[in-house]
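Residue -9 is where the sequence shown starts when you use the numbering used here, and the numbers rise one by one after that.
Some clues are possibly wrong.
Below, computed lysine-lysine pairings styled on DSSO-like, alpha-carbon distance capped at 30 angstroms [stated by the list, open to error]:
#	residue 1	residue 2
1	K16	K31
2	K31	K19
3	K12	K22
4	K19	K8
5	K12	K31
6	K24	K8
To be clear, the hints were calculated from the coordinates, so they are not data collected in a lab.
These figures come from a predicted structure and were not determined experimentally.
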Amino acid sequence: MGKEINCEEVATYREPNKVRAKGCGKRIKGGKEKAVGNRVKGRLCTGCGERGVGHDSRTCPRVVGVSVSQP
């Protein structure tokens, strides 16, 4: 046979990719869950104009003292 082949030069192996087990899949998040994670601003209170303070116009401490007449 014409040429000598050195086995060390020809055989190069790579490590296999890491594979996760069958039962441990990652759960896919829905659209609402993604939106909550990306939300930066809190709700805006129209009574006092503050954002993300834990109340809205119905429960605003500045507006509660002022009574609104309802028909």
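Evaluation of the provided hints:
| no. | hint | result |
| --- | --- | --- |
| 1 | K16 <-> K31 | holds (28 angstroms) |
| 2 | K31 <-> K19 | holds (21 angstroms) |
| 3 | K12 <-> K22 | holds (27 angstroms) |
| 4 | K19 <-> K8 | holds (23 angstroms) |
| 5 | K12 <-> K31 | violated (39 angstroms) |
| 6 | K24 <-> K8 | holds (27 angstroms) |
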